[in-house]
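Peer 1: Heads up: the protein sequence lines correspond to chains A and B, in order.
For the first sequence, my numbering assigns the number 1 to the initial residue and increments by one for each residue that follows.
For the second sequence, my numbering assigns the number 1 to the initial residue and increments by one for each residue that follows.
Keep in mind the hints are simulated off the structure, nothing from the lab.
Careful: at least some of the hints might be erroneous.
When chains are identical, the list treats them as one kind, so a pair holds in a single copy or across two.
What the hints assert, rightly or not - In silico SDA-like links for lysine to any residue, alpha-carbon gap of 20 Å or less: (1) K121 with S205; (2) K121 with G253; (3) K121 with P89; (4) K121 with G48.
There are 2 protein chains.
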Amino acid sequence: MNEFSIIDKYFSWNCDNSVRVGVGDDCAVIELDSEYQIVTSVDTLIEGVHFSSSNSAADIAYKSLSVNLSDLAAMGAIAKYFTLAISLPRVDEKWLSEFANSLKQIANKYNIDLVGGDTTKGHLSITINVTGFIERGKSLLRSGAKPGDLIFVSNNIGDAAYALRQKQRNEPATLSAMNRLNTPEPRLSLGRSLVGIANSCIDISDGLEQDLSHILNSSKVGARISTDRLPLSKEVSEYIESTGDWCIALAGGDDYELCFSVDKRNKKNVHQIESDLKIKLSEIGVITPNGGLIVDGFSADCSSYRHF
Amino acid sequence: MNEFSIIDKYFSWNCDNSVRVGVGDDCAVIELDSEYQIVTSVDTLIEGVHFSSSNSAADIAYKSLSVNLSDLAAMGAIAKYFTLAISLPRVDEKWLSEFANSLKQIANKYNIDLVGGDTTKGHLSITINVTGFIERGKSLLRSGAKPGDLIFVSNNIGDAAYALRQKQRNEPATLSAMNRLNTPEPRLSLGRSLVGIANSCIDISDGLEQDLSHILNSSKVGARISTDRLPLSKEVSEYIESTGDWCIALAGGDDYELCFSVDKRNKKNVHQIESDLKIKLSEIGVITPNGGLIVDGFSADCSSYRHF
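Build the full structure now, drawing on both the sequences and the hints.
Peer 2: Structural data, given as structure tokens:
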């Protein structure tokens, strides 16, 4: 099977109305209303680095698109379309079919169209470039945090790193924690709801400390957060209690939750969003004029903490 | 050096006015005027498949962007921005610096901005996703060829395949042929000039027969072309004369010239473009109502011809 037949067979499905030409010409053509701007991001996932050879094709597809959608979520954008460049060691029709079905499923779930692709022979690697639209000038940037802003985090953090730790040690983790690692949910609805509310936003892919630090550096501010306010699942909470390893929540990556800052006058809006979207939003600290990131309750250095 | 510092050091440069947020946030943000549509395409180049380990970092960068720009050219689009996903076996600062400088040079030459990237550790591979803009509904598609259309090809074809053949046999080729292989020029100005003139267009990446066949299949037409009209450089012409190997011109890929069809009433416009852009445009045949692709002057089958 050559490149053309792989794309035709597995990666051609119907696109929404804004896609004028999809897979099958030199380029795809997409319509954009004039009140919007284009928002775009690219991420590569490589076997042995971002996922292991024991991961299913379905999970690999899910995570590959999900982590890219998470970047759109962090901008407050509406997901529109993506391109897929996939490198495969061999043509395995069962694997490809499982991969394509899962990709289609998450694409449909988040209403995003596959508009172009390239397949090559090589070590298994998936590069996805996602594009979304945002109302002009409204994107949630890393650079907008202001002193006095309250810092929030969605859902729980540390579950993905905990699940990976358990997997690497052949110790049990709950299905819920494994799902957080293998099929993370991009927070697109939350990102959209934060447009006009949040002053800054980022998705937690490299760990809370590192990603929050990106906001602090871009915004030229500091922050003070507190470990006792970090939102943790029961099993991560118990693990930290028995080991003292706060780094799993502070520096464990792959959570794909949103970390954002809001002016304190918008606190009630955050509670409204929490109730509307039925997602836990925890206030973990405050933006300070300067001084870097201070973590109350844990003073050790997590900077050498790497989950892969 | 980690991913952030590689991007900061090598791949952050100034963007044009339509780029509101470049490298350094979760996504890039790009402005689009309402009279345009978005045109996008992705291509991966892998060491050992699309280029060899003897290619310079500068040539690899040049070709990686060039072959993607060629897809925009084939649509008639204005190049606007691209993302880069690069996988590297190790951080070699000399190599990276040479790669980045060359990439910047071709990006500046064709007025396209780098807006996002991802670096990973792995076998050397470069995935570029280019995006351009096109006046609404004006893109040059593969599906628009009509019976009676004249078929044209830009510049010469076969040089890249000839250069590769010589290189693989350790035989000499002219610098001009080697440049066609290693640093092909995307025909962006030609593509723009063909908007409103050509009925169909494609870039020749996989070889004339195969790429013209994409037009024929998409347009549900046939074509009759003639070997004695194929535009050839002196050295490729002499090579064919001595070997009879027409497949080098018919099926040798990597030319990145444009193949397009125009209504015969537009023939004078093609000659005007030829003179304005100072690029040779050769009439090689005609679109027929059906019957697949007929090549007068050469009856052998090039379908097994693969240059890599």
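Peer 1: Hints first: check each against the structure and report whether it holds.
Peer 2: Outcome of the hint check:
no., hint, verdict
1, K121 with S205, "between (28 Å within a copy, 17 Å between copies)"
2, K121 with G253, "between (30 Å within a copy, 18 Å between copies)"
3, K121 with P89, "both (5 Å within a copy, 17 Å between copies)"
4, K121 with G48, "both (17 Å within a copy, 10 Å between copies)"
Of the hints listed earlier, there is not a single one the structure fails to meet.
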